[in-house]
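Full structure from sequences and hints, please.
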Amino acid sequence: MSYDLIVIGAGPAGMAAATTASTGGAKVLLLDDQSTPGGQIYRAIETAKDAEAAILGDEYMAGQPIVRAFRAQGIDYVPDAVVWQVSEEREVGYSSGGRAKLISAPWVILATGAIERPFPIPGWTLPGVMMAGAAQTLLKSSGVAAEGAIFAGCGPLLYLVARQYLRAGVNIAAVVDTTPKANRMGALPHLPHALLRWDLLAKGRRWISEIRRSGTPLIQNATALKVIGDKAAQSLVYKTADVDWREIKATHIFLHQGIVPNVNLSMAAGLDHSWDNRQLCWRPLTDAWGCSSVSGIAVAGDGAGIGGGLAAEAGGQIAAIGVLSAVGKLDAQASRDQARRPRAQLAHEHHARPFLDAWFRPASDMRVPNEDTTIICRCEELTLKNIRDTIDIGLAGPNQLKSFCRAGMGPCQGRFCGLTVQELIARETKRPAALVGYYRLRPPIKPLRLEELANLAIDDLEGDDAGQDR
Amino acid sequence: MSGAYDAIIIGGGLLGSAIGFGLARQGLGCVILDEGDTAYRAARGNFGLVWVQSKGIGKPVYADWTMGSAELWPGFAQELTERTGIDISYYAPGGIEICLSEAEFDERAQKMASLTGHQNGRFSHQMLDRKAMMERLPGLGPDVVGGSFSPHDGHVGPLFLMRAMQRAFVDLDGVIRTDSRVHAIKRDGDGFSVETPGGTVTGGKVVLAAGLGNKALAPMVNLDQPVYPLKGQVLVTERMAPFLDMPTTHARQTGEGTILIGSSQEDVGFDLSSGPEVIKRIADRARRCFPVLSKARIVRTWAALRVMTPDGIPIYDQSETMPGAFAASCHSGVTLAATHAMTFAKYVADGHLGSELDGLSAGRFDV
Amino acid sequence: MFKRLHPETDDEITFDFEGTSISARPGDSVAAALLVANIDTFRETPVRGRPRGPFCMMGACFDCLMVIDGEANQQACQILVSDGIKVARQLGAAKIINDSETDDEL
Numbered sequence: 001m002s003y004d005l006i007v008i009g010a011g012p013a014g015m016a017a018a019t020t021a022s023t024g025g026a027k028v029l030l031l032d033d034q035s036t037p038g039g040q041i042y043r044a045i046e047t048a049k050d051a052e053a054a055i056l057g058d059e060y061m062a063g064q065p066i067v068r069a070f071r072a073q074g075i076d077y078v079p080d081a082v083v084w085q086v087s088e089e090r091e092v093g094y095s096s097g098g099r100a101k102l103i104s105a106p107w108v109i110l111a112t113g114a115i116e117r118p119f120p121i122p123g124w125t126l127p128g129v130m131m132a133g134a135a136q137t138l139l140k141s142s143g144v145a146a147e148g149a150i151f152a153g154c155g156p157l158l159y160l161v162a163r164q165y166l167r168a169g170v171n172i173a174a175v176v177d178t179t180p181k182a183n184r185m186g187a188l189p190h191l192p193h194a195l196l197r198w199d200l201l202a203k204g205r206r207w208i209s210e211i212r213r214s215g216t217p218l219i220q221n222a223t224a225l226k227v228i229g230d231k232a233a234q235s236l237v238y239k240t241a242d243v244d245w246r247e248i249k250a251t252h253i254f255l256h257q258g259i260v261p262n263v264n265l266s267m268a269a270g271l272d273h274s275w276d277n278r279q280l281c282w283r284p285l286t287d288a289w290g291c292s293s294v295s296g297i298a299v300a301g302d303g304a305g306i307g308g309g310l311a312a313e314a315g316g317q318i319a320a321i322g323v324l325s326a327v328g329k330l331d332a333q334a335s336r337d338q339a340r341r342p343r344a345q346l347a348h349e350h351h352a353r354p355f356l357d358a359w360f361r362p363a364s365d366m367r368v369p370n371e372d373t374t375i376i377c378r379c380e381e382l383t384l385k386n387i388r389d390t391i392d393i394g395l396a397g398p399n400q401l402k403s404f405c406r407a408g409m410g411p412c413q414g415r416f417c418g419l420t421v422q423e424l425i426a427r428e429t430k431r432p433a434a435l436v437g438y439y440r441l442r443p444p445i446k447p448l449r450l451e452e453l454a455n456l457a458i459d460d461l462e463g464d465d466a467g468q469d470r
Numbered sequence: 471m472s473g474a475y476d477a478i479i480i481g482g483g484l485l486g487s488a489i490g491f492g493l494a495r496q497g498l499g500c501v502i503l504d505e506g507d508t509a510y511r512a513a514r515g516n517f518g519l520v521w522v523q524s525k526g527i528g529k530p531v532y533a534d535w536t537m538g539s540a541e542l543w544p545g546f547a548q549e550l551t552e553r554t555g556i557d558i559s560y561y562a563p564g565g566i567e568i569c570l571s572e573a574e575f576d577e578r579a580q581k582m583a584s585l586t587g588h589q590n591g592r593f594s595h596q597m598l599d600r601k602a603m604m605e606r607l608p609g610l611g612p613d614v615v616g617g618s619f620s621p622h623d624g625h626v627g628p629l630f631l632m633r634a635m636q637r638a639f640v641d642l643d644g645v646i647r648t649d650s651r652v653h654a655i656k657r658d659g660d661g662f663s664v665e666t667p668g669g670t671v672t673g674g675k676v677v678l679a680a681g682l683g684n685k686a687l688a689p690m691v692n693l694d695q696p697v698y699p700l701k702g703q704v705l706v707t708e709r710m711a712p713f714l715d716m717p718t719t720h721a722r723q724t725g726e727g728t729i730l731i732g733s734s735q736e737d738v739g740f741d742l743s744s745g746p747e748v749i750k751r752i753a754d755r756a757r758r759c760f761p762v763l764s765k766a767r768i769v770r771t772w773a774a775l776r777v778m779t780p781d782g783i784p785i786y787d788q789s790e791t792m793p794g795a796f797a798a799s800c801h802s803g804v805t806l807a808a809t810h811a812m813t814f815a816k817y818v819a820d821g822h823l824g825s826e827l828d829g830l831s832a833g834r835f836d837v
Numbered sequence: 838m839f840k841r842l843h844p845e846t847d848d849e850i851t852f853d854f855e856g857t858s859i860s861a862r863p864g865d866s867v868a869a870a871l872l873v874a875n876i877d878t879f880r881e882t883p884v885r886g887r888p889r890g891p892f893c894m895m896g897a898c899f900d901c902l903m904v905i906d907g908e909a910n911q912q913a914c915q916i917l918v919s920d921g922i923k924v925a926r927q928l929g930a931a932k933i934i935n936d937s938e939t940d941d942e943l
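Chains as they are written, first to last, in our numbering: chain U, 1 to 470; chain V, 471 to 837; chain B, 838 to 943.
It is possible that part of the hints are untrue.
Keeping only pairs whose Cα atoms sit at most 25 Å apart, straight-line, the calculated BS3-like set for lysine-lysine is [unchecked claim]: (1) U:49 - B:932; (2) V:750 - U:101; (3) U:249 - B:932; (4) B:932 - U:231; (5) V:750 - B:932; (6) U:385 - U:226; (7) V:816 - V:529; (8) V:701 - V:656.
Simulated from the structure, these hints should not be mistaken for lab results. A quick note: this is a predicted structure, and the numbers were derived from the prediction, not measured.
What follows is the structure, given as structure tokens:
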């Protein structure tokens with residue numbers, strides 16, 4: 001089977017890209033690591049009933065038409081497929097059902113979405129401490145919630161999930177907000193433009209007042225957090241500008257301080273990335289059609305820069321129109337015309353973004369810890385001190401650091417320490433984070449069994465000299 | 471005048487770090503000029519074998535040099551650990567090459583015999599049949615017919631080794647300058663001046679230890695370093711409980727528990743191809759050797775560019791027209807680290823290379 | 838602790854967690870089912886032997902690694918429950934020899 005396009009990820013960007021490309025006459029394969037389409041944002045949307053709709057809200061239900069359109073198109077779709085490699089030659093390696101395959105196509109769209117920003121505070125590795133996104137995943141896919149939990153951090157998702165909990169009738173011990181007060185000044189210049197999306201800003205205010213009305217303690221301006229516990233989380237202690245350490249008991253603590261593009265695949269594929277100082281993250285360099293620096297590879301959705309579900313949908317459509325044009329299914333004029341509507345949607349979704357990014361910019365003390373014993377690399381269990389001791393040899397950057405102390409070498413491959421390590425090196429060596437750089441990532445971006453590699457099925461890559469060594 | 475440093479080492483990989491440490495421990499004031507963080511580094515792809523068996527077959531000079539380094543290794547490892555407190559995971563329980571066919575076994579036996587022959591009893595080995603192999607290695611597969619064992623072999627964490635050498639170097643007041651790719655080397659009185667993006671560095675001696683970069687640098691001091699890259703692939707698993715204490719050329723378990731899978735750098739008959747076919751073949755061979763690893767999770771694969779010379783053995787030279795300028799190129803930066811630090815660095819400090827390196831000059835390529 | 842929002846629906850699946858029978862629903866990940874059963878600690882780390890549990894629930898952090906049907910290093914948040922599976926905490930690094938003695942992969 002030969003495809004014009006392989007799409008990776010079945011969130012809004014991936015589904016929209018696949019639907020648009022397939023509608024336009026391209027032969028499309030979509031690979032996704034979940035068992036149903038939706039991505040993180042619209043996870044389990046197909047089975048959502050009225051009860052879930054009431055709890056999870058309109059933002060979630062907006063995924064339903066996207067999934068329906070995708071299903072209706074009858075696209076070749078492999079769920080439970082873990083993509084572990086995309087090469088610059090567009091060889092896509094994935095595992096499904098214990099078998100690994102390698103397949104290539106003239107075009108690949110990466111729609112791998114976002115992950116939550118690391119939140120390296122003391123105790124963040126204890127059982128019971130999870131990301132707010134994890135709480136939401138449990139809510140969406142299993143209708144499961146933790147009674148008496150704490151939500152701590154900053155960013156819209158924190159409030160969204162807290163509100164979903166309240167709507168589900170689940171008590172929250174407290175919401176502890178770490179949004180720095182000082183951010184307000186920086187956000188102000190972006191406010192006039194953001195007012196174009198007054199609806200979003202109003203929605204945010206509604207969430208907060210809903211939380212207040214519920215009687216849930218809302219602590220603002222928290223400047224330091226620690227999770228206390230020996231074998232598991234027992235409480236969260238926090239400090240604000242006004243009060244010294246206070247303790248709130250809870251066995252489940254959900255942390256969040258924004259989401260960042262999930263760049264492991266795009267980096268391992270060799271795409272050029274740039275540091276986004278506004279969103280404090282790396283993003284692949286893309287043109288107006290989502291095309292990356294590597295020929296035949298485009299990126300769409302939050303993986304190309306955080307914009308949210310509806311922006312991702314538009315981005316997926318635009319990238320697919322670009323592919324249709326590149327493979328000769330659309331002429332230049334038609335592709336420009338067809339892209340007009342999604343471009344307008346994208347612009348609409350981005351109006352409030354600079355304001356939100358500035359308002360919810362996580363505090364530097366929450367991004368890089370100050371206590372020697374705080375774990376930075378969860379996999380290799382390296383503390384701030386371990387990493388600082390390595391930096392002071394006078395090393396060149398994160399890759400030398402990685403090789404010297406194994407930070408980022410565990411199975412998560414830097415997803416939960418990369419940004420911290422980068423900013424720590426920047427702080428210690430007094431260099432801008434952009435110049436410090438990031439781990440060089442290599443496939444497989446997710447672990448796979450030795451036997452899967454040994455049995456790798458290679459789908460007639462233009463491997464002219466295959467077998468020459470035998 | 472000789473400049474600010476006694477010696478400038480160009481290259482901060484395993485080779486440059488070993489020589490730098492070796493010079494600094496003799497009291498020389500040194501600077502290592504290193505590239506940036508994303509510089510290509512052979513060290514990062516090193517398999518970590520301290521390996522004697524089959525090195526220098528038919529080339530006694532190299533066999534002796536390798537054996538000498540293996541003999542220095544225990545003391546070298548101890549000194550590094552004492553100086554830095556860094557555990558470099560050095561173990562020398564001997565090492566095994568696994569053979570998966572009678573043909574492989576016979577070829578191996580012949581090679582080992584030849585090495586033992588020209589080493590005058592200095593090198594010893596045993597060919598092991600399947601039964602003897604089962605006694606030494608756990609979890610071997612049915613395809614394993616036998617192998618060769620050498621008591622001189624061992625392994626070490628190559629990246630911890632590099633870190634320890636650099637730590638020791640810095641503790642001895644050595645200076646490491648990163649982002650210092652060298653553009654030019656010029657004679658400057660009795661010494662040298664070396665131009666980098668960050669300015670000119672001057673020193674009495676200069677040592678070229680820049681791996682593949684040596685090819686372009688060597689002519690600047692009237693030397694020839696005809697090196698070229700040779701690609702090799704390595705796979706690594708997640709940390710596993712200890713199971714394999716003896717290193718083999720196809721798999722070895724590191725001190726932290728990960729298992730490295732690949733073809734070792736001493737393997738002759740290098741695989742010139744690359745890409746998924748090669749990874750598949752390496753994975754298949756490892757699984758045939760150790761079926762118990764079938765479900766082990768591979769967390770990373772990487773391609774390492776080895777620094778190869780036309781005959782596959784190292785090159786060491788001092789410039790005749792610019793004495794004080796040295797060059798070293800090799801693909802066995804781990805095995806030879808001990809002798810680079812303890813022997814070669816002495817020669818550099820003394821200003822002349824020992825006679826055992828006579829056969830390792832690039833002059834051997836001139837016809 | 839975690840609870841179901843719809844306790845009225847029946848659990849249809851049972852599986853084994855270290856000798857205890859756990860009930861779950863179709864669509865639950867192993868991680869979700871264990872959390873509802875009040876099990877928060879899924880493994881002990883290989884380096885320091887510290888307890889860990891699910892953290893990201895989206896397959897990114899690898900903190901929910903468990904031994905499932907005898908195979909180690911499996912992400913409990915990514916694997917859906919099915920009837921009769923055997924789940925155990927992963928204590929330290931994955932064992933190679935003990936778990937694979939009956940290997941018949943070849």
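To see whether the hints hold, each was checked on the structure:
{"no.": "1", "hint": "U:49 - B:932", "result": "violated, 43 Å"}
{"no.": "2", "hint": "V:750 - U:101", "result": "holds, 11 Å"}
{"no.": "3", "hint": "U:249 - B:932", "result": "violated, 37 Å"}
{"no.": "4", "hint": "B:932 - U:231", "result": "holds, 23 Å"}
{"no.": "5", "hint": "V:750 - B:932", "result": "holds, 24 Å"}
{"no.": "6", "hint": "U:385 - U:226", "result": "holds, 17 Å"}
{"no.": "7", "hint": "V:816 - V:529", "result": "holds, 24 Å"}
{"no.": "8", "hint": "V:701 - V:656", "result": "violated, 32 Å"}
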